[in-house]
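Here are the chains, one letter per residue:
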Amino acid sequence: MGKTELNGPERTAPELTGAELDRVFLLARATAPEPPGALMAHVLQAGLAAMPAPSGAPLRGAHPAAAGLLAGIGRIWSSFSAGFGGSAVVASLGAVAALALFLGYSDPAGLSDGFWTGAGAATGGEGDDGPELEPVAIYFLAGG
Amino acid sequence: MPRDMVEDEDEAALLARYAQGDTVAARLLTARLLPPVLSFASRMMAGDRAEAEDIAQEAMLRLWRAAPGWREGEAKVSTWLYRVVANLATDRIRSRQRRHRHTGGAPLELSDAPEAADGTPGAEARLIASERMAALDRALAALPDRQREAVVLRHIEGLSNPEIAAVLGVGVEAVESLTARGRRGLAQALGPYRALLGFEGD
Numbered sequence: 150m151g152k153t154e155l156n157g158p159e160r161t162a163p164e165l166t167g168a169e170l171d172r173v174f175l176l177a178r179a180t181a182p183e184p185p186g187a188l189m190a191h192v193l194q195a196g197l198a199a200m201p202a203p204s205g206a207p208l209r210g211a212h213p214a215a216a217g218l219l220a221g222i223g224r225i226w227s228s229f230s231a232g233f234g235g236s237a238v239v240a241s242l243g244a245v246a247a248l249a250l251f252l253g254y255s256d257p258a259g260l261s262d263g264f265w266t267g268a269g270a271a272t273g274g275e276g277d278d279g280p281e282l283e284p285v286a287i288y289f290l291a292g293g
Numbered sequence: 029m030p031r032d033m034v035e036d037e038d039e040a041a042l043l044a045r046y047a048q049g050d051t052v053a054a055r056l057l058t059a060r061l062l063p064p065v066l067s068f069a070s071r072m073m074a075g076d077r078a079e080a081e082d083i084a085q086e087a088m089l090r091l092w093r094a095a096p097g098w099r100e101g102e103a104k105v106s107t108w109l110y111r112v113v114a115n116l117a118t119d120r121i122r123s124r125q126r127r128h129r130h131t132g133g134a135p136l137e138l139s140d141a142p143e144a145a146d147g148t149p150g151a152e153a154r155l156i157a158s159e160r161m162a163a164l165d166r167a168l169a170a171l172p173d174r175q176r177e178a179v180v181l182r183h184i185e186g187l188s189n190p191e192i193a194a195v196l197g198v199g200v201e202a203v204e205s206l207t208a209r210g211r212r213g214l215a216q217a218l219g220p221y222r223a224l225l226g227f228e229g230d
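Top line first, the protein sequences correspond to chains A and B. My numbering runs 149 ahead of the 1-based position in the first sequence. My numbering runs 28 ahead of the 1-based position in the second sequence.
Some hints here could point you the wrong way.
[Stated by the list, open to error] Simulated coverage check for chain B against chain A, where a stretch passes if three residues somewhere in it have a Cβ under 8 Å from a Cβ of chain A: (1) 51 to 63; (2) 79 to 88; (3) 91 to 102; (4) 216 to 226.
[Unchecked claim] Okay, the calculated beta carbon distance ranges per label pair: (5) A:202 with B:152: 50 to 56 Å; (6) A:167 with B:157: 17 to 23 Å; (7) B:41 with A:162: 49 to 55 Å; (8) A:187 with B:228: 36 to 42 Å; (9) A:178 with B:173: 18 to 24 Å; (10) B:90 with A:186: 20 to 26 Å; (11) A:194 with B:197: 27 to 33 Å; (12) A:194 with B:78: 18 to 24 Å; (13) A:168 with B:156: 17 to 23 Å; (14) B:156 with A:202: 47 to 53 Å; (15) B:115 with A:179: 23 to 29 Å; (16) B:93 with A:190: 15 to 21 Å.
[Stated by the list, open to error] Over the 10 Å line for every Cβ pair with chain B, so calculated as not near, a few chain A residues: (17) 246; (18) 247; (19) 250.
The set of hints was computed from the structure by calculation and includes no laboratory data. Only a predicted model underlies this, so the values are computations on that prediction, with no experimental measurement involved. Using N, Cα and C, we set each Cβ at its ideal position, and we do this for glycine too.
Let the sequences and hints guide you as you build the complete structure.
Structure follows, in structure tokens:
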């Protein structure tokens with residue numbers, strides 16, 4: 150089919166009535182383009198690629214900056230924990246470290262000021278020149 | 029609660045789920061939002077399918093990127109998307125007009141409507157519908173940007189005047205004025221093509 154009567158419209162033609170225009174709009178709604186499968190797939194693929202890593206903390210309603218910070222921390226935590234064998238392993242290491250820190254700073258009962266002198270004598274060394282042990286090790290050596 | 033409000037709440041909830049890494053939410057949002065986005069982009073770009081798909085894709089990509097910082101209640105998801113599409117389309121139309129002025133090309137005519145490529149049953153009906161839509165698209169393209177956006181959103185996408193006001197960032201009265209002037213412009217521009225549109229002899 151070649152060019153149609155669309156060429157050279159009559160300048161004096163009456164304009165469409167409101168009802169006629171509404172019928173044109175109706176046709177436009179009925180013939181709205183459907184997204185092709187390839188476009189749907191591409192958009193979805195882009196969405197999945199841009200999707201933040203799953204996290205337990207809900208971001209709904211959060212301030213954008215705070216939400217972004219939380220999402221960033223979540224990503225960093227995921228990367229970090231993956232290098233140590235997973236979140237559970239890192240959590241266990243963290244618990245042990247916290248316990249050690251607590252024990253190191255606590256003042257265990259039974260450890261007198263002269264404890265180290267005695268310990269040095271027991272190993273045959275000289276108390277003042279003996280190896281320096283961390284408070285935690287001292288605690289365990291004392292059988293605490 | 030109006031149906032569209034319920035749907036919008038669902039879209040906001042889906043976007044929140046997407047931001048938490050829910051792949052099902054990504055699929056649902058794509059299926060729900062891409063069709064109207066493409067439809068609006070297509071009408072804004074005078075039926076240029078390739079341009080419309082590019083715009084729809086870009087708009088959806090911007091939505092994905094905005095999801096982690098989305099503030100529920102600040103803007104409706106669909107309103108936000110329509111605004112993005114309108115801005116992208118306006119940029120492309122102006123860019124096209126600049127190129128056109130520089131190259132001195134002839135303006136597009138209604139006769140540039142696509143032609144039928146097959147003789148299968150229904151092909152003639154599709155051709156007629158295609159030519160009618162081409163006439164509408166060309167007439168829409170001749171309208172000022174804001175009038176075109178208001179008319180398409182109101183009469184083809186079916187948005188309410190307050191929703192259009194949110195998309196365009198104007199008051200409801202301005203939307204009513206834009207829509208009325210746009211309709212008048214379309215009625216005049218399409219008058220000469222009433223035979224093509226099937227109104228001859230009505």
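Each hint tested on the structure:
Closer than 8 Å: that is the beta-carbon criterion, and the region 51 to 63 of chain B has 8 residues meeting it against chain A, so the requirement of 3 holds. As drawn, the region 79 to 88 of chain B meets chain A at 5 residues by the rule of a beta-carbon pair under 8 Å; at three or more, the given contact holds. As drawn, the region 91 to 102 of chain B meets chain A at 9 residues by the rule of a beta-carbon pair under 8 Å; at three or more, the given contact holds. Against chain A, the region 216 to 226 of chain B contributes 9 residues with a C-beta closer than 8 Å to a partner C-beta. That satisfies the three-residue criterion, and the hint holds.
Here the CB-CB span from residue 202 (chain A) to residue 152 (chain B) is close to 53 Å, well matched to the stated 50 to 56 Å. Judged by the Cβ atoms, the range 17 to 23 Å given for residue 167 (chain A) and residue 157 (chain B) holds: they are separated by roughly 21 Å. A beta carbon spacing of about 51 Å between residue 41 (chain B) and residue 162 (chain A) agrees with the range 49 to 55 Å that was offered as a hint. Between residue 187 (chain A) and residue 228 (chain B) the CB atoms are about 40 Å apart, so this pair conforms to the stated range of 36 to 42 Å.
One distance hint, 18 to 24 Å for the beta-carbon pair residue 178 (chain A) and residue 173 (chain B), holds here, with the actual separation near 21 Å. For residue 90 (chain B) and residue 186 (chain A), the hinted distance range of 20 to 26 Å is satisfied, since their beta carbons lie about 22 Å from each other. At roughly 32 Å, the beta-carbon separation of residue 194 (chain A) and residue 197 (chain B) lies within the given 27 to 33 Å, and the hint holds. Between residue 194 (chain A) and residue 78 (chain B) the CB atoms are about 19 Å apart, so this pair conforms to the stated range of 18 to 24 Å.
At about 20 Å, the CB distance of residue 168 (chain A) to residue 156 (chain B) agrees with the hint of 17 to 23 Å. Here the CB-CB span from residue 156 (chain B) to residue 202 (chain A) is close to 51 Å, well matched to the stated 47 to 53 Å. Checking the proposed 23 to 29 Å range against residue 115 (chain B) and residue 179 (chain A) shows it holds: the Cβ atoms sit about 27 Å from each other. A hinted range of 15 to 21 Å for the beta carbons of residue 93 (chain B) and residue 190 (chain A) is consistent with their spacing of about 19 Å.
Even its closest Cβ contact with chain B, about 29 Å, leaves residue 246 (chain A) beyond 10 Å, as expected for a residue assigned away from the interface. The claim that residue 247 (chain A) is not at the interface with chain B holds, since no C-beta of that chain comes within 10 Å of its own (minimum 29 Å). With a minimum CB-CB distance of about 33 Å to chain B, residue 250 (chain A) clears the 10 Å threshold, and the non-interface call stands.
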